[in-house]
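Trainee: So the chains spell out like this:
Number of protein chains: 2
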Amino acid sequence: MKEISNLMNFRPQIKVVDATLRDGGLVNDFYFSDKFVQDLYLANLRAGVDYMEFGYKASREMFDESQFGKWKFCKDEDIRAIVGDNNTDLKIAVMADVGRCDYKKDIIDRADSPIDLIRVATYINTIPAAIDMIEDAHAKGYETTCNIMALSNAREQDLEVALHLLGQSSVDTIYIVDSYGSFYPEQIARTAHTFLEICGQYGKEVGIHAHNNQQLAFANTIEVVGDGVNFLDATYNGMGRGCGNCMMELLLGFLKNPKYNIYPVIQFIEKHMTKLKEEGVIWGYDFPYMLTGILNQHPRSAIQFMKNGRTDYTEFYKELLDRD
Amino acid sequence: MKEISNLMNFRPQIKVVDATLRDGGLVNDFYFSDKFVQDLYLANLRAGVDYMEFGYKASREMFDESQFGKWKFCKDEDIRAIVGDNNTDLKIAVMADVGRCDYKKDIIDRADSPIDLIRVATYINTIPAAIDMIEDAHAKGYETTCNIMALSNAREQDLEVALHLLGQSSVDTIYIVDSYGSFYPEQIARTAHTFLEICGQYGKEVGIHAHNNQQLAFANTIEVVGDGVNFLDATYNGMGRGCGNCMMELLLGFLKNPKYNIYPVIQFIEKHMTKLKEEGVIWGYDFPYMLTGILNQHPRSAIQFMKNGRTDYTEFYKELLDRD
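Heads up: the protein sequence lines correspond to chains A and B, in order.
The first sequence begins at 1 in the UniProt record's numbering and counts up one residue at a time.
The second sequence begins at 1 in the UniProt record's numbering and counts up one residue at a time.
None of these hints come from the bench; they were simulated from the model.
One or more of the hints may lead you astray.
Repeated chains share a single entry, so a pair holds when one copy, or any two copies, can fit it.
[To be verified] Capping the alpha-carbon separation at 27 Å, the derived lysine-lysine pairs in BS3-like fashion look like this:
1) Lys256 - Lys70
2) Lys307 - Lys275
3) Lys318 - Lys256
4) Lys271 - Lys318
5) Lys35 - Lys318
6) Lys75 - Lys91
7) Lys307 - Lys140
8) Lys91 - Lys35
Starting from the given sequences, assemble the full structure and let the hints guide the process.
Mentor: Next comes the structure, spelled out in structure tokens:
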């Protein structure tokens, strides 16, 4: 059992990362209005959020700019149009996917960029490529994280090797990513234990990015907070791919550091998120996502099921079980 | 950290209680079609559910029968019309509220009734009245539980006294009820610890009934399962007052006892719950319930807010903060 002081008091090392534009962008192809992004930036500032992730630095050679909103590409000038010189305590982050980012060209020196943090997203089998990106970003002056996706499908032996490799790199923070929303709290606690033990040897911080397939995104996040995980991803109203993420409003309702303030989050949700849902943008816990979560599968089949307007859950379940 | 064997193996003492008609009835004034109730009974049978709660034994002197569906009153003949002699492993439960049940008259001998279990619901300050009902039901041959509601507002000193009083009664199982959906997993684990310690001295089982205000109903349920709580309430699709309860589908997806089967649950949800939602019956996690949960308040103001079609969350939040 964790210490009760963790619930009544707070750990100043905890950092809250708003991933609404990035993970939420996967829902609406990154088509957010400028007003939405400006207001989100202001809400994060007033809420005491530590990092705001604007989107991806996706390769413009691989992806057609006319098919996506600008936050899939996060050009420095687009970020600057929102944040100016960002003379604030809120740091700016973007995500760079292994194999889908022209990082040598598209990520310039931090001194010339509004971005503070490069988050490198990778699967367990592409850690060397991730480290190459991390070292590139580090050399350019950025803070870095490495977000290891789909961890519920990774073997623990591989994970330990990966964590030692990353421990020897320049990365600052290593993330547990439960891409499939498949972990139960006891399991994520064990995973966090492995992370904290190895990362601790190298002086690295640990983060968590959860998905809500089994309504456990918030529960899993606060489970590992109690164990020493300090970087916490959340999104407003949980907006994110499929069933979405840990909700910012739940997280700030839980954290006791007086620097955090839930009121601007409530304001933003009232003004923007309700409208987004009315416009037909769909995310959040629903039955098909639960099934892929329980079965530890990528949610793409559930997303397709929802898009097709299907409600034949029994047929869908049988399709999911047929995995030979 | 709990033992990994709890996740891979199972504890045969665990009992799953379907509370859909009872807590769900609070959403639609207990107006379920006979077909719904029949199919739910069959689904529970096939899913391996241990108890099915049909509703309340509410006083017909206090409540007008014309204002509610029949499951608010759970006459024995109405239950029998669904279950016949119920020669099955699925036991039948009803809830009896302290102060709102004419138990001496309305609860007849078990030998003449289809009911197996009387669940006595009480607040912490009416334990003696609850015990009077428990002893009455026990003398008539029933299994009994005592469900202590609104525990997040009870002082631990009072709780310990209450548990010792109940320990000395004939009750079989004592329930942790998180009426306001306000407990975090660490807190519910501590509460469960107190329950298990005192109830263990008297040979009583412990149960949990959770609400989903902070999307923690399932998480809190499986948190305490790991500690030895054996009676687990759940409802199909989480149907229950306000934000609802621990979802049956999530719970059966988690439990490893091969006697449980999620498929009939999926079938029932596909056939009935989707339709219920389309007909305009509203329950499940939503923002206003989260706010009452965080603030440890009764959800009635959130339910009213939703009924009035309000979306001014900031005003609502300020109303909730004004509690002098």
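Trainee: Give a verdict on every hint.
Mentor: Hints, one by one, checked against the model:
no. : hint            : in the structure
1   : Lys256 - Lys70  : neither (35 Å within a copy, 46 Å between copies)
2   : Lys307 - Lys275 : both (20 Å within a copy, 19 Å between copies)
3   : Lys318 - Lys256 : between (44 Å within a copy, 19 Å between copies)
4   : Lys271 - Lys318 : between (41 Å within a copy, 16 Å between copies)
5   : Lys35 - Lys318  : between (44 Å within a copy, 25 Å between copies)
6   : Lys75 - Lys91   : within (16 Å within a copy, 63 Å between copies)
7   : Lys307 - Lys140 : neither (41 Å within a copy, 54 Å between copies)
8   : Lys91 - Lys35   : within (19 Å within a copy, 57 Å between copies)
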